[in-house]
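Asks: Sequence:
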Amino acid sequence: MSLRLVSSARLDASISAHAVSGDGKLLAVARENEISILDRASPSQNWTPVARVGPCQHSQRVSGLAWSGSQLASCSHDSGAVVWTRTPQGAWSPNLVVTRLARAALCVRWAPGGAALALGAVDGAVVVCHRDEERSLWAPRMLQRGDPQSAAAVQDLAWHPAGSCLASVAADGSLRIHATPCRGAGAPTPPSTTLGAFGTLLYTATPSPGAWAMSVAWDPSGSCMAVASSCGGGAPPRLTLIAGLLTGGGACTAEALREAGTRAQTLDLRGPCLGLTSLLFLTEDVLVGAGFHGRPLVFRRGADGPWAQDCDPGPQEDAGGAQQPAGSPTPARPATLAQRIRMFEVDENRSLNVQGRRVGAGGGKAAGVGPGRPSGPARGPEHASHIGSLAGLAQGAFTSAGADGQLLLWQVTGVR
Numbered sequence: 527m528s529l530r531l532v533s534s535a536r537l538d539a540s541i542s543a544h545a546v547s548g549d550g551k552l553l554a555v556a557r558e559n560e561i562s563i564l565d566r567a568s569p570s571q572n573w574t575p576v577a578r579v580g581p582c583q584h585s586q587r588v589s590g591l592a593w594s595g596s597q598l599a600s601c602s603h604d605s606g607a608v609v610w611t612r613t614p615q616g617a618w619s620p621n622l623v624v625t626r627l628a629r630a631a632l633c634v635r636w637a638p639g640g641a642a643l644a645l646g647a648v649d650g651a652v653v654v655c656h657r658d659e660e661r662s663l664w665a666p667r668m669l670q671r672g673d674p675q676s677a678a679a680v681q682d683l684a685w686h687p688a689g690s691c692l693a694s695v696a697a698d699g700s701l702r703i704h705a706t707p708c709r710g711a712g713a714p715t716p717p718s719t720t721l722g723a724f725g726t727l728l729y730t731a732t733p734s735p736g737a738w739a740m741s742v743a744w745d746p747s748g749s750c751m752a753v754a755s756s757c758g759g760g761a762p763p764r765l766t767l768i769a770g771l772l773t774g775g776g777a778c779t780a781e782a783l784r785e786a787g788t789r790a791q792t793l794d795l796r797g798p799c800l801g802l803t804s805l806l807f808l809t810e811d812v813l814v815g816a817g818f819h820g821r822p823l824v825f826r827r828g829a830d831g832p833w834a835q836d837c838d839p840g841p842q843e844d845a846g847g848a849q850q851p852a853g854s855p856t857p858a859r860p861a862t863l864a865q866r867i868r869m870f871e872v873d874e875n876r877s878l879n880v881q882g883r884r885v886g887a888g889g890g891k892a893a894g895v896g897p898g899r900p901s902g903p904a905r906g907p908e909h910a911s912h913i914g915s916l917a918g919l920a921q922g923a924f925t926s927a928g929a930d931g932q933l934l935l936w937q938v939t940g941v942r
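Counting in our numbering, the sequence shown runs from 527 upward without gaps.
Treat the hints as calculated values from the structure; they're not laboratory data.
Quantities reported herein were computed from a predicted structural model and do not represent experimental measurements.
Quick reminder that beta carbons are idealized off the backbone N, C-alpha and C, glycines included.
Check before you lean on any hint, since a few could be wrong.
To be verified - Simulated restraints on C-beta separations:
id: 1; residue 1: L663; residue 2: Q586; range: 44 to 50 angstroms
id: 2; residue 1: A761; residue 2: E810; range: 41 to 47 angstroms
id: 3; residue 1: Q571; residue 2: A723; range: 43 to 49 angstroms
id: 4; residue 1: Q571; residue 2: A761; range: 41 to 47 angstroms
id: 5; residue 1: G828; residue 2: Q571; range: 19 to 25 angstroms
id: 6; residue 1: S585; residue 2: D830; range: 20 to 26 angstroms
id: 7; residue 1: A834; residue 2: S676; range: 19 to 25 angstroms
id: 8; residue 1: F724; residue 2: S585; range: 29 to 35 angstroms
id: 9; residue 1: E810; residue 2: D658; range: 14 to 20 angstroms
id: 10; residue 1: E785; residue 2: A761; range: 24 to 30 angstroms
id: 11; residue 1: T574; residue 2: R626; range: 35 to 41 angstroms
id: 12; residue 1: G770; residue 2: T732; range: 41 to 47 angstroms
id: 13; residue 1: V624; residue 2: E785; range: 37 to 43 angstroms
id: 14; residue 1: S585; residue 2: A723; range: 19 to 25 angstroms
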């Protein structure tokens, strides 16, 4: 099993978020407060721009995008959110989302079936919005109240595949799972009698004490959860995997969550990786993660159960800027704060010098995103700066987008 770059496209701007629809036909890319929507007829064709939306609805940077069918949800640092729907004439119409958030929204996630959407904010608030047809808007219901003095900014959210509970991770290192029984088209009826009423705190833990929890994801069956953490003081970034979350009857219960938490597996990431800010399960046994390193990492569950980092992270630069070929011994992790700062400086210099100019200085077009000849930075098939988001496609394919303005299409071989 290996990771292969299929194609790349440069959008000439820093990408703050991107998302691909479930059928792989619609792509949304956010740059500052503007969203570009692209379409393609089949996976063998290129995505082509069909609309540009956002500035009239978002006054600040768009921080999150998510698809549910043909509906696109966006959230912004202006604390607002919008649900975009396509009209019969092909235009994209904004639908009001009342968030009641007092601070910047950092992430947005749809519940399975599109019955609700969840938003996480920088002050620690989590709100779940449901469609109110009578008032033609999305009405909020507070799941977790924010605190302006809190350092627990919600970094990521993940719905259980059954829609029965919502996981959130925060900058204080915490993982929380709340009951969120919601019913909708395509979403199974949740076992509310087992999980409790809306907002019930089912599980809370700190997978990596002293670290920032950066991302969370459920596998397709809802039996395993992954949490990525970034540690300070020279400690390696970590990936925590909590398996066995379902009972014999296939339900996710508070008891199953607590018991599984005691058996969590923790992996220290290899190579000079500065932490994963996005996680994506391709299958129940294959997980990809990306963040401040320019190339995604692949993790695989072995036949006996434990997970392991699978793919070589590719060519690396050490803290002094020297490139090391793929397959060379893993360099020692920087042990001091100064060395870790140097790693960020190397990353910044790379993004400033891509093609001899500052990334994001132009306003290029997004046409032509799709299969083609790989054309990445000269140092290898990867991003020139940190990866901000991942989006899954079919049969082991996924896309990554980052601060260098590139959208890369990847394939994990051997995944069906």
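Asks: Range hint 43 to 49 angstroms: satisfied by the CB atoms of Q571 and A723?
Replies: Taking Cβ atoms as reference, Q571 and A723 lie about 47 angstroms apart, which means the hint holds.
Asks: Check the following: the C-beta atoms of S585 and A723 are separated by a distance inside 19 to 25 angstroms.
Replies: violated, 36 angstroms
Asks: Does the hinted range 41 to 47 angstroms hold for Q571 and A761 at CB?
Replies: holds, 45 angstroms
Asks: Given the hint of 35 to 41 angstroms, is the C-beta distance from T574 to R626 inside that range or not?
Replies: Distance hint for T574, R626 holds at roughly 37 angstroms.
Asks: If you check the beta carbons of G770 and T732, does the distance land in 41 to 47 angstroms?
Replies: Once the Cβ atoms are compared, 20 angstroms apart, the range 41 to 47 angstroms for T732 and G770 is violated.
Asks: For the hint 44 to 50 angstroms, verify it against the beta carbon of L663 and that of Q586.
Replies: Given range 44 to 50 angstroms: violated, Cβ gap about 21 angstroms.
Asks: Note whether the CB distance of F724 and S585 lies within 29 to 35 angstroms or breaks it.
Replies: Taking Cβ atoms as reference, F724 and S585 lie about 31 angstroms apart, which means the hint holds.
Asks: For E810 and D658, compare the CB-CB distance with the range 14 to 20 angstroms and indicate the outcome.
Replies: violated, 36 angstroms
Asks: Is it true that the C-beta distance of E785 to A761 lies inside 24 to 30 angstroms, as the hint says?
Replies: Once the Cβ atoms are compared, 27 angstroms apart, the range 24 to 30 angstroms for A761 and E785 holds.
Asks: Is 19 to 25 angstroms a correct range for the gap between the Cβ atoms of A834 and S676?
Replies: violated, 35 angstroms
Asks: Determine whether the Cβ-Cβ distance between G828 and Q571 falls within the hinted range of 19 to 25 angstroms.
Replies: violated, 37 angstroms
Asks: Is 20 to 26 angstroms a correct range for the gap between the Cβ atoms of S585 and D830?
Replies: Violated - the Cβ-Cβ distance for S585 and D830, about 52 angstroms, lies outside 20 to 26 angstroms.
When each numbered hint is compared with the structure, violations occur for hints 1, 2, 5, 6, 7, 9, 12, 14.
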